[in-house]
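With the hints as extra help, turn the sequences into a complete structure.
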Amino acid sequence: MTPHRTIADREDVLGALMLAPSLGYVILLVGVPFVFAILLSFSDATAGSLHFGWAGLRNYAAILGDPIFLRALKNSAIVTVGSQVLVVVLATAAAQVLRATFRGKRFARFVLLLPWAVPVSLAAIAWTWIFDSTFSVINWTLKATGLMHGWLYWLGDPTLALLAIIIVQAWRIFPFATVIVLAGLASIPQEIVEAAIVDGAGFWRRLIQVELPLLMPVVAVAVLFGVVYTATDLGVVYILTGGGPANTTHVLPTLAFQRGILGADLGQGAAIAVFLLPFLIVVAVAMLRLARHTEVGAR
Amino acid sequence: MKRVALYVAALAFTGFAGFPFYWMLITAFKQNRDLYVGATDLSHIPWIFNDPPTLDHVKLLLGQTDFPRWVLNTLVVVAAVVVITVAVAVPAGYSLARLVGRWGERLGMGIFFTYLIPPTLLFVPFSRLISLLHLQDSLGALILIYPTMTIPFCTWLVMGFLRSVPWEIEEQAMIDGLSRLGVILKVAPRLIVPGILTVVVFTFTLVLQEFVYALTFISSVNKMTVSLGVPIALVRGDVYHWGALMAAALLTSIPLAIVYNAFMDRFIQGFTMGAVKG
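Which chain is which? The protein sequence lines are A and B, in order. Numbering (our numbering) for the first sequence: 183 to 481. Numbering (our numbering) for the second sequence: 818 to 1095.
Please keep in mind that the hints were generated in silico from the structure rather than gathered at the bench. Mixed in with the good hints there might be a few duds.
Here are some, though not all, of the chain A residues that point toward chain B, as calculated from beta-carbon distances under 7 angstroms [said to hold, decoys possible]:
| id | residue |
| --- | --- |
| 1 | D191 |
| 2 | L196 |
| 3 | M200 |
| 4 | L211 |
| 5 | F216 |
| 6 | A276 |
| 7 | L296 |
| 8 | A299 |
| 9 | V300 |
| 10 | S318 |
| 11 | V410 |
Simulated restraints, written as ranges between beta carbons of each label pair [to be verified]:
| id | chain 1 | residue 1 | chain 2 | residue 2 | range |
| --- | --- | --- | --- | --- | --- |
| 12 | A | T323 | B | W984 | 55 to 61 angstroms |
| 13 | A | L389 | B | V1052 | 42 to 48 angstroms |
| 14 | B | N867 | A | R285 | 29 to 35 angstroms |
| 15 | A | W386 | B | S1037 | 54 to 60 angstroms |
| 16 | A | L345 | B | P870 | 28 to 34 angstroms |
Note that the structure is predicted; figures quoted are calculated from it, not measured. A virtual CB, placed ideally from N, CA and C, is assigned to each residue, including glycine.
Rendered as structure tokens:
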């Protein structure tokens, strides 16, 4: 293009130079630690010393024989699936509402975003107070309206505590999913919707047969991020229940933290965290396929 | 009829989303004797102020706890992480969008994917790294590690942002005799300003929200950030000062909520990455 190509005109050199810090940071402080996390899970490393010895599959054998770990693995799956089902239902419905025009819509949108904006740990402490065994406003309201006669020890009962965790996770993620679905709704070509109306399709038919199939890629994106945010979240469970009562509500991250950081057994902590990988691999593969799919679909 | 259903649904969603914030608000300003009435007492309605509101909890929070210190710590970390992120992610985003050609897309995707590797997988190796570097219990640990979360996402954001900026302006500058480097130094910065603003806001919100690494690396109360100190150190033993706790949660949430409301759409563009065609 230009006759005199100096270094200041070499796009490849400039490009590599400008990319290097970002790539370096990511490789050194995400890539390498990621590999190291997996190596640690095969070691007997502890937090106290710098000793690093090969332990083979000992950590894995230990946790797979540990009922607390198996429970945590199950809880992680239950919380992730349970909250994401709730999120999809809530987000699709909320997006339908927010699409309509009504008085106070701006305010509704603002409030709907709050759960996503607030730091996880602060939201979790607010919910801890809401679920408090003595002062729970939920219990008061259920009793005052005559819906309940007994008493719910929200965070003191394993099943209720798990339910509470699912509610908080769904509460935290659904606003994010709603906004994504809204963006998807806005991008559906107006002609398609109009054609459906002309053909006499009512609200439900339009929603189920026309819009939802077109929305699938966006809903999938929302769910994928939701899975990552929920499966890998430590704050909600750590603050809400601390894994209790009696280690029944641990999820993988809280157990990894308890064993690896508090218990100083880095090897075992790493091995527990490695079980997050299946969740992440499913998400990554799905995202890649989705990306390819939309690329092919694009003109 | 349809209108009624719409309003009921809108009310239900906002109610569910907003309820904890209403609860923070009412708890933060209630007098203790109004606050600590067991839920079995059905004659005492917890949803309203039964006694006049009070500023006692806010005064306690600001005057007798480490909360102001945590705010300061958080701001220090925010400032440092913003500088690092902008310095690293903005050039990278530019490079991916404009310079490295067809590899840009692939590389960008690769960098973005590292955003999916969660803190809860990395905190164990990081705890070893941080002790090797003697950064335990210091804000330096957070300043070093937080960019691992902001750089991937922000590189992606800037790349996506530049795709929507027409190339012609830069092309014209080159025709006018600027070198490629000259364009990058003199023309591109003006074009990227809105993208940089998004990067700053994203970094700010992420640092304010982060909990896992702070919990792993920081143990001294006076080194904590807001999102760590409030749930961990405001609880003394088994005594929860619920009024002060909720005041802290509220004070932190308000600026974040305002920022989110303004920048929502830009973040979403980053997340949907092409699944939504605008």
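Chain B contact restraint for A:F216 - C-beta distance below 7 angstroms = Cβ of A:F216 sits 6 angstroms from chain B, so the hint holds.
Can you let me know if the beta-carbon spacing of A:L389 and B:V1052 is within 42 to 48 angstroms?
-> At 46 angstroms between Cβs, range holds.
Classify the hint on A:L296 as holds or violated, based on whether any CB of chain B lies nearer than 7 angstroms to its CB.
-> Holds, because the Cβ-Cβ distance from A:L296 to chain B comes to roughly 5 angstroms (cut-off 7 angstroms).
Interface hint outcome for A:V410 [beta carbon to chain B under 7 angstroms] | Holds - the Cβ of A:V410 comes within 7 angstroms of chain B, reaching about 6 angstroms at its closest.
Does A:L211 meet its interface restraint, that is, does its C-beta lie within less than 7 angstroms of any C-beta in chain B?
-> holds (5 angstroms)
Minimum Cβ distance from A:M200 to chain B below 7 angstroms?
-> holds (4 angstroms)
Would you say the C-beta atoms of A:L345 and B:P870 sit inside 28 to 34 angstroms of each other?
-> Because 33 angstroms falls inside the window, the suggested range holds.
Interface hint outcome for A:D191 [beta carbon to chain B under 7 angstroms] | holds (5 angstroms)
Could one say that the CB atoms of A:W386 and B:S1037 fall in the range 54 to 60 angstroms?
-> Check passed, 58 angstroms falls within 54 to 60 angstroms.
Hint status (Cβ of A:A276 to nearest Cβ of chain B, threshold 7 angstroms) | holds (5 angstroms)
Hint check, A:S318 versus chain B [nearest Cβ-Cβ separation less than 7 angstroms] = holds (5 angstroms)
Regarding the hint that A:A299 lies at the interface with chain B, is the smallest CB-CB distance below 7 angstroms?
-> holds (4 angstroms)
In this structure, none of the earlier numbered hints is contradicted; all agree with it.
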